[in-house]
Amino acid sequence: MKATVLVRPKAGILDPQGAAVQSSLRQLGFPVEGARVGRVIDVDVEAGSTDEARAAVERMCEQLLANPLIESYEIEVSA
Amino acid sequence: MTEIRPKVGILVFPGSNDDRDAAWALAALGADPVLVWHGDEELPRLDAVVLPGGFSYGDYLRAGAIARFSPAMASVARFASDGGFVLGICNGFQILCEAGLLPGVLQPNRSLSFVCRDVGLTVERSDTPFTARCEVGQRLTIPVKHGDGCWYAPPELLGELEANGQIALRYAPGENPNGAVADVAGVLNADATVMGLMPHPEHAVDPLLGPADGALVLASLVDAARNRILTVV
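Chains C and V, in that order, give the protein sequences.
Residue numbers for the first sequence follow our numbering, beginning at 1054 and rising by one.
Residue numbers for the second sequence follow our numbering, beginning at 4 and rising by one.
Think of the hints as simulated: they come from the structure by calculation, not from any bench.
Think of the CB as a built atom: it goes at the ideal place given N, C-alpha and C, for glycine as much as any other residue.
A hint or two may mislead.
In silico contact screen, one side only, chain C against chain V (beta carbon under 10 Å); selected entries [stated by the list, open to error]:
(1) 1054
(2) 1064
(3) 1066
(4) 1067
(5) 1072
(6) 1073
(7) 1094
(8) 1096
(9) 1117
(10) 1118
(11) 1119
(12) 1120
(13) 1124
The calculated DMTMM-like cross-link candidates involving lysine to aspartate or glutamate, where the alpha carbons are at most 25 Å apart (straight line), are [as the list claims (entries may be wrong)]:
(14) V:10 to V:45
(15) C:1055 to C:1104
(16) C:1063 to V:163
(17) C:1055 to C:1127
(18) C:1063 to V:186
(19) V:10 to V:186
(20) C:1063 to V:159
(21) V:10 to V:130
(22) C:1063 to V:130
(23) C:1063 to C:1099
(24) V:10 to V:24
(25) C:1063 to V:209
(26) V:148 to V:85
(27) V:10 to V:194
Kindly generate the complete structure, drawing on both the sequences and the hints.
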């Protein structure tokens, strides 16, 4: 079963990459008010149901994929 | 009588690159350094452990995030929970934070640039196994070289750490090279038996090569490891 994890810097957490991207986009002439850089992790997980897959990916996020001090995450599971 | 040379284990991860400098520095300061491969599940008998600098596992995902799953790290966690002294330098600091042995997290430098230069530090605590040869308020000069050294803890956690005296070293005013919150350069666990710091004391030991203040940090650890042998045995 395929799942996608979106990891983002939490609101209020300094994101120097996002700030650099924003400033570059503004230099290109785009009226960008903010940019945040996160990461996408696609996982292919063996699971009997989407609920089971989601629960497994949730544990992956807690144990490895995100650092809860600075990052939040969202999980999308496609059957 | 020759002084006892405490055994200090230095973990070697794939991508560690300061392990040999740490071994050289610790030997020069009276320890018997032992390089320990990260894949070894059991540590040899050791009096202290150092996690050296480098780029373990290529800093994949987040710096230190993968190395903490190395087989040797479970033994390091046990060693620490038994009161053993553990020092993490740079990447070693990142690994200890990711492993939950130290509070906070190391983020990319605010400037997004790799910094490599001598920095001034202020000693906040001198009653720890890592700083006993220093005095509170003493200024040390030790080099940094890192891209992910911006230590961060949320305000509530930072307040707790400040109240518990867990901030051991700070960048001197105007010297913060990475944007770390509250100028934090070195952090202790609650028992002050584990410390992580971004500056590299092992690169500041021989006065021939520049500042030698790093020797104060590492010699403090060697003293503490030696005393531990004398008291535990």
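Against the structure, the hints come out as follows:
Using the Cβ-Cβ criterion of 10 Å, the hint placing residue 1054 of chain C at the interface with chain V is not satisfied: the shortest such distance is roughly 22 Å. Given the 10 Å rule on beta carbons, the hint for residue 1064 of chain C is violated: about 12 Å separates it from the nearest Cβ of chain V. Hint status for residue 1066 of chain C: holds, given a least beta-carbon distance of 8 Å to chain V, under 10 Å. Residue-level restraint check for residue 1067 of chain C holds (minimum Cβ-Cβ distance to chain V is 7 Å; threshold 10 Å).
For the restraint placing residue 1072 of chain C at the interface with chain V, the shortest Cβ-Cβ distance is roughly 9 Å, inside the 10 Å limit, so the hint holds. The restraint placing residue 1073 of chain C at the interface with chain V holds, with a minimum CB-CB distance near 6 Å, inside the 10 Å limit. Hint status for residue 1094 of chain C: holds, given a least beta-carbon distance of 9 Å to chain V, under 10 Å. The closest approach between the C-beta of residue 1096 of chain C and any C-beta of chain V is roughly 13 Å, which is over the 10 Å cut-off, so the hint fails.
A hinted interface residue such as residue 1117 of chain C counts as satisfied when its beta carbon comes closer than 10 Å to some beta carbon of chain V; here the least separation is about 7 Å, so the hint holds. For residue 1118 of chain C, the interface hint holds, the least distance from its beta-carbon to any beta-carbon of chain V being 7 Å, beneath 10 Å. Below 10 Å, beta-carbon pairs count as interface contacts, and residue 1119 of chain C has one with chain V at about 9 Å; its hint therefore holds. At its closest, the beta carbon of residue 1120 of chain C sits 5 Å from a beta carbon of chain V; the interface hint therefore holds under the 10 Å criterion.
The restraint placing residue 1124 of chain C at the interface with chain V holds, with a minimum CB-CB distance near 9 Å, inside the 10 Å limit. Restraint check: the Cα-Cα separation between residue 10 of chain V and residue 45 of chain V comes to about 15 Å, which is no more than 25 Å; the hinted pair holds. This hinted pair checks out: residue 1055 of chain C and residue 1104 of chain C have alpha carbons roughly 12 Å apart, not beyond 25 Å. In summary, the hint linking residue 1063 of chain C to residue 163 of chain V is supported, as the alpha carbons are separated by about 21 Å, within the 25 Å threshold.
For the proposed pair residue 1055 of chain C and residue 1127 of chain C, the alpha carbon gap of about 14 Å is at most 25 Å, so the pair holds. About 21 Å separates the Cα atoms of residue 1063 of chain C and residue 186 of chain V, which keeps this hinted pair within 25 Å; it holds. For the given pair, residue 10 of chain V sits about 33 Å from residue 186 of chain V by alpha-carbon distance, which is inconsistent with the 25 Å threshold. Distance check on the hinted pair: residue 1063 of chain C and residue 159 of chain V sit about 16 Å apart at the alpha-carbon level, within 25 Å; holds.
Only pairs whose Cα atoms come within 25 Å are accepted, and residue 10 of chain V paired with residue 130 of chain V is accepted, the gap being roughly 22 Å. A threshold of 25 Å between alpha carbons decides the hint, and for residue 1063 of chain C with residue 130 of chain V the separation of about 36 Å lies outside it, so the pair is violated. Between residue 1063 of chain C and residue 1099 of chain C, the direct Cα distance comes to roughly 29 Å. Violation of the 25 Å bound is thereby established for this hinted pair. Distance restraint check for residue 10 of chain V and residue 24 of chain V: the Cα-Cα separation of roughly 16 Å lies within the 25 Å cut-off, and the hinted pair is therefore satisfied.
About 43 Å separates the Cα atoms of residue 1063 of chain C and residue 209 of chain V, which puts this hinted pair outside 25 Å; it is violated. Restraint check: the Cα-Cα separation between residue 148 of chain V and residue 85 of chain V comes to about 31 Å, which exceeds 25 Å; the hinted pair is violated. Pair hint residue 10 of chain V plus residue 194 of chain V holds up; C-alpha atoms about 22 Å apart against a cutoff of 25 Å.
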